[in-house]
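Q: Letter by letter, the chains look like this.
2 protein chains.
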Amino acid sequence: MAKKMSVCVIGLGSMGMGAAVSCIKAGLDTYGADLNPTAQTQLKRAGAIQVADSAISFASSLDAVLLLVVNAQQVKQILFGDHALAPHLKPHTVVMISSTISADDAKEIDHQLKQYQLIMLDAPVSGGAVKAANGEITIMASGPQIAFEKLQPVHSAIASNIYNIGSEIGLGSTVKIIHQLLAGVHIAVGAEAMALAARANIPLDMMYDVVTNAAGNSWMFENRMKHVVDGDYTPKSAVDIFVKDLGLVNDTAKSLKFPIPLARTAFNMFIEASNAGFGKEDDSAVIKIFSGIELPTKKGEMS
Amino acid sequence: MAKKMSVCVIGLGSMGMGAAVSCIKAGLDTYGADLNPTAQTQLKRAGAIQVADSAISFASSLDAVLLLVVNAQQVKQILFGDHALAPHLKPHTVVMISSTISADDAKEIDHQLKQYQLIMLDAPVSGGAVKAANGEITIMASGPQIAFEKLQPVHSAIASNIYNIGSEIGLGSTVKIIHQLLAGVHIAVGAEAMALAARANIPLDMMYDVVTNAAGNSWMFENRMKHVVDGDYTPKSAVDIFVKDLGLVNDTAKSLKFPIPLARTAFNMFIEASNAGFGKEDDSAVIKIFSGIELPTKKGEMS
Chain C
436 MAKKMSVCVI GLGSMGMGAA VSCIKAGLDT YGADLNPTAQ TQLKRAGAIQ VADSAISFAS
496 SLDAVLLLVV NAQQVKQILF GDHALAPHLK PHTVVMISST ISADDAKEID HQLKQYQLIM
556 LDAPVSGGAV KAANGEITIM ASGPQIAFEK LQPVHSAIAS NIYNIGSEIG LGSTVKIIHQ
616 LLAGVHIAVG AEAMALAARA NIPLDMMYDV VTNAAGNSWM FENRMKHVVD GDYTPKSAVD
676 IFVKDLGLVN DTAKSLKFPI PLARTAFNMF IEASNAGFGK EDDSAVIKIF SGIELPTKKG
736 EMS
Chain V
436 MAKKMSVCVI GLGSMGMGAA VSCIKAGLDT YGADLNPTAQ TQLKRAGAIQ VADSAISFAS
496 SLDAVLLLVV NAQQVKQILF GDHALAPHLK PHTVVMISST ISADDAKEID HQLKQYQLIM
556 LDAPVSGGAV KAANGEITIM ASGPQIAFEK LQPVHSAIAS NIYNIGSEIG LGSTVKIIHQ
616 LLAGVHIAVG AEAMALAARA NIPLDMMYDV VTNAAGNSWM FENRMKHVVD GDYTPKSAVD
676 IFVKDLGLVN DTAKSLKFPI PLARTAFNMF IEASNAGFGK EDDSAVIKIF SGIELPTKKG
736 EMS
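So the sequence lines, in the order shown, correspond to chains C and V.
Residue numbers for the first sequence follow the working numbering, so the first one is 436 and each next one is one higher.
Residue numbers for the second sequence follow the working numbering, so the first one is 436 and each next one is one higher.
Check the hints yourself; a few may be wrong.
A few chain C positions that, by computed beta-carbon distances, are all more than 10 Å from chain V [stated by the list, open to error]:
(1) N471
(2) Q485
(3) G516
Footprint (simulated), chain C over chain V, 3 or more residues, beta carbon under 8 Å [what the hints assert, rightly or not]:
(4) 603-616
(5) 637-651
What the hints contain is simulated information worked out from the structure, not anything from laboratory work.
All C-beta atoms in this analysis are idealised placements derived from N, C-alpha and C, irrespective of residue type, glycine included.
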């Protein structure tokens, strides 16, 4: 019998926890690393071989590492900073970077990994916590064919769609960033439309019904403007996430010397929302930048 | 047996023809009016009682009139201009205005109809030619309850969703205009994202696949960016339609004194596309305002 594959998921937030549990369910030898002890306990109970603050102690057992942390700075810190993981990994271990980062950061990380004979896959993901828990995320990846091959058991455990964008590191990150351009503008324009409807005295639940049954609908409109109709800004994904991601969109466009009139406008809207104090609220709270309207409030709360 | 309802559809374009044929199929006494003799012949063959350039000759037989012409100017010309229809209609005939017009125009038309004791329903529609042919359009309407009641047989013949926004004339038009705000921005941002992908050397069919399977999707992205991937700008709906509709969005926002940062940006993009000579092409041709990229060309054509 072939030796089972060993994989460590670093970053046990909602996406990382879902991916790690999916690996356990698929029968892989699964390890986890996160600073949060609650997340450690949860993954250990789900059947992980070993869980710790850092993957260094079991690095030599691993065939693959999946990083699902917040940003490029965290990725670099974990791999190459104080208590760096990279020097402890076996040569030819595959490092799958699934955080949303710029193509330039992806290339820089790849360059550093190569110095330890490590193989990178530039592999951002999309799908959210529910799809992660069900092993149904979407992966948009670029990198050498060998990385795709070695990661095949992990990919089939965690994803329902895997796109091979090409061999060049950076393409995967760029596809994700362009996806975020669309997602961010769709949330912002949903807010703009609902705010205008409120100003025109159109009941927002009616406006929501019309749009979601017609050609003006988007995935984000349907998902996020429900929060506005319900007056519930409990963060599923926060305003500040789109300040970060539309910032990456801007960096990418600048690096390619390309105009992005709508994404730049939406970026300003999210920045304005964050500066007005709504950064930690649900990203649909970008609607709060509009004055002179009355929005629905959560049931049971006073207006 | 109750007398069958008599309805005339004025404006036998793709939406109007579909609505008229749906009325015939539902067993209503159906009349049609259009300047185009081909459309007249087509509707007569489909079973219309009578078809002509104008509805004046059979106006006294009608219980309801449905106007599906291009803009407010045409609506006013037909009802109140030279050879005006309004004076020939029986008092209490219901006039359903389904063109996309401003709330101010809707109110002005209502005011003039009242002088002939005619009842208006402010009833824009959405759905396109295919849904119209199947009697499955969406109607977003406002007006007096009696208008909804009298039109019930027509509505059940032509629509699958009917929204009663309220009794005030203008609300229906405003809901449609806000819907067009979303639709227009979604097309423009789809073009912006695909143009950026082309600049980053991402294959556009791959980018299209990723987005349509992820949270960055919109109805318009899926429908219109397919034309970009295929390099086919044969107009389903033209750039100039969105120059008109986003113009109405701007008028509406100005009248309500409300900011629309994204819709204004998208409006500029469609105006730029129209001025560059793409006004009669498919609205996805708004992508042609971006320079420094190579777009897919239609199969069989040279690049």
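Q: Now, for every hint given, state plainly whether the structure supports it.
A: Hint-by-hint comparison with the structure:
1. With a minimum CB-CB distance of about 26 Å to chain V, N471 of chain C clears the 10 Å threshold, and the non-interface call stands.
2. Separation of Q485 of chain C from chain V is adequate, the least Cβ-Cβ distance of about 33 Å exceeding the 10 Å criterion.
3. The non-interface label for G516 of chain C is consistent with chain V: the shortest C-beta to C-beta separation is roughly 29 Å, beyond 10 Å.
4. Given a C-beta distance limit of less than 8 Å, the hint that chain C covers the region 603-616 of chain V holds, as 7 residues qualify and 3 suffice.
5. A count of 11 residues in the region 637-651 of chain V with a Cβ less than 8 Å from any Cβ of chain C is obtained; the coverage claim is therefore met, three being the minimum.
The structure is consistent with each of the numbered hints, conforming to all of them.
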